[in-house]
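J.: Chains A and B, in that order, are what the protein sequence lines are. According to my numbering, the stretch in the first sequence is residues 1 to 393, in order. According to my numbering, the stretch in the second sequence is residues 1001 to 1146, in order.
Hints are computed from structural coordinates only; laboratory data are not their basis. Cβ atoms here follow ideal geometry from the backbone N, Cα and C, with glycine treated the same way. Among the hints, erroneous ones may be present.
Simulated crosslink set (DSS-like; lysine-lysine; CA at most 25 Å straight-line) [as the list claims (entries may be wrong)]:
id, chain 1, residue 1, chain 2, residue 2
1, A, Lys131, B, Lys1068
2, A, Lys75, A, Lys32
3, A, Lys22, B, Lys1022
4, A, Lys131, B, Lys1039
Pair by pair, the computed Cβ-Cβ distance ranges are [said to hold, decoys possible]:
id, chain 1, residue 1, chain 2, residue 2, range
5, A, Phe121, B, Pro1090, 50 to 56 Å
6, A, Ala201, B, Glu1117, 34 to 40 Å
7, B, His1056, A, Arg274, 24 to 30 Å
Letter by letter, the chains look like this.
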Amino acid sequence: METRSLRGKAVIAGVGETTYYKHGNSPDAEFKLALKAILAAAEDAGINPKDIDGFASYSNDRNDPSRLAAALGTKELRFSNMQWGGGGGGGAAAIGNAAAAVATGLADCVVVFRALAQGQFARFGQGQPVKTISGDMAMQAPYGLMSPAQRYAMKCMRFMHDHDVKHDAMRAISLASYRHAQSNQRAVMYGRPLTEADYDASRWIVEPWRLFDCCQENDGAAAIIILPANRANDIPHKPSFILGAAGGSDHRCAAPSHNHPNYASANFSSVAPRLFEMAGVTAADVDVLQSYENFTGGVMMSIVEHGFCEPDEVNDFFKPETFYAPDGALPLNTSGGNLAECYMHGLELQIEAVRQLRGTSTSQVKDPDVSMVIAGPMVTPVSNCIFGSEATV
Amino acid sequence: MNARYLPEGLPIPIPENDNLSKPYWDGLMQERLMVQCCKGCNTWIWGPEWICHACHSFELEWQEIDGKGQIYSWERPWHPVHSALKGFGPYLIVLVELPHVGNIRMIGNLLGNPDQEVEIGAHVEIAFEHHLEADPPHTLAQWKLI
Chain A
1 METRSLRGKA VIAGVGETTY YKHGNSPDAE FKLALKAILA AAEDAGINPK
51 DIDGFASYSN DRNDPSRLAA ALGTKELRFS NMQWGGGGGG GAAAIGNAAA
101 AVATGLADCV VVFRALAQGQ FARFGQGQPV KTISGDMAMQ APYGLMSPAQ
151 RYAMKCMRFM HDHDVKHDAM RAISLASYRH AQSNQRAVMY GRPLTEADYD
201 ASRWIVEPWR LFDCCQENDG AAAIIILPAN RANDIPHKPS FILGAAGGSD
251 HRCAAPSHNH PNYASANFSS VAPRLFEMAG VTAADVDVLQ SYENFTGGVM
301 MSIVEHGFCE PDEVNDFFKP ETFYAPDGAL PLNTSGGNLA ECYMHGLELQ
351 IEAVRQLRGT STSQVKDPDV SMVIAGPMVT PVSNCIFGSE ATV
Chain B
1001 MNARYLPEGL PIPIPENDNL SKPYWDGLMQ ERLMVQCCKG CNTWIWGPEW
1051 ICHACHSFEL EWQEIDGKGQ IYSWERPWHP VHSALKGFGP YLIVLVELPH
1101 VGNIRMIGNL LGNPDQEVEI GAHVEIAFEH HLEADPPHTL AQWKLI
């Protein structure tokens, strides 16, 4: 029986982004941002935008594929896909869904996109102004547990307790993102370097996390065009092949009232081995990593759960130098990531992973072949994906 | 206990429109901590659900349990994310594990000094924070060190 796998069956043809803004500062409506990013990705791929026949997104993106298809004059809509689940957990799964669609003939040209205008809509980091609440949030909001940071801080606190992790480990992640943003003129935090002293002096948001452990909230849009692998030669760039993608979560991850059995976790314990198995690589083969920072503690647990480091070695491994491009042991978030480039719900991380394989990152790693993305941690479902150069397929 | 730990104005808990968690919220107002236990296989279920995740029985029985446990994790919010919390804080949230009922975990505030050092594993017991004059009336399940 043929092995069921996405490995090498789809290719990233084009990537596109709008300007990235601080939240509430976009001059464009959210739908217009989505259109601009999709057009930019189509131009980068060298395709007619009207040939896009599939749309894939995540986190309940508000920009409906049918409306997009009508607005763009799409010739035929064949794939309209939403990865369920909130936060940025679905970013890599959306890539996987799009790749699966083109690999199986459900569609020929799928765009993965995400658009956010938080001035036009509600912000993520604020509790909603409601008088009463029910369901799982009734067990949380009356106790002042409402924001994403508050929802996940106790997972990290328990992990730190179990493995005697010092705060410096999380600081290293923040320093790496800010360092890489200083060479990236697109980054919202370009020109705003972060020092250890700045980090240590920053206010607590929710212990164990300080201000610089927390992502920005931004406006903008990003898009990625995915084609079947047999069109790799048509692409006006070095192709980035999808070696694998996985999404999901382990046993009863969403058990209410924080009853997930594997609580002190980024939720990749089952998803990480599935990704490596499909991609046919190990953590040691990964040349550069983009790992979604909603909060640095989530990155820390993600990196551990993907086997880059043992949980009891975190304090030794998580030094800033480990994560600095080009020479660190594990170059991390090389565009500045959610912390310092833009919180484009992690789709900007997928684009940076492609840039690394093309050799066009502003913090370029030398000749990478395996470029990996870990999407939003600690939510459910989570997802991840690995892109490979032509040499890997 | 009538003193409130957090300022007035946060969302008030009410049962869902299918009343799944109503026995829990009603129990708190009577100072009884109620959780579900499966009549088929004795698995403790928390939060409220319609089915036993172990044996798929729908016969879940609400039982009163002893409100004692140990701190499994905690956090100390400083940044206000709700208008009612502006100018307030920090405060403490604890996740309490109840070993005698299948290690289910419950969320509440840890009463006392919000600046205190919190120890994972510390023993705590429930404190019923009544708001019976509120609209709608309700009681919160808080935790205090033993």
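J.: Does each hint hold? Answer for all of them.
T.: Verification of the supplied hints:
no. : hint                               : result
1   : A:Lys131 <-> B:Lys1068             : 30 Å, violated
2   : A:Lys75 <-> A:Lys32                : 20 Å, holds
3   : A:Lys22 <-> B:Lys1022              : 42 Å, violated
4   : A:Lys131 <-> B:Lys1039             : 36 Å, violated
5   : A:Phe121 <-> B:Pro1090: 50 to 56 Å : 29 Å, violated
6   : A:Ala201 <-> B:Glu1117: 34 to 40 Å : 22 Å, violated
7   : B:His1056 <-> A:Arg274: 24 to 30 Å : 26 Å, holds
Of the numbered hints stated above, those contradicted by the structure are hints 1, 3, 4, 5, 6, listed in ascending order.
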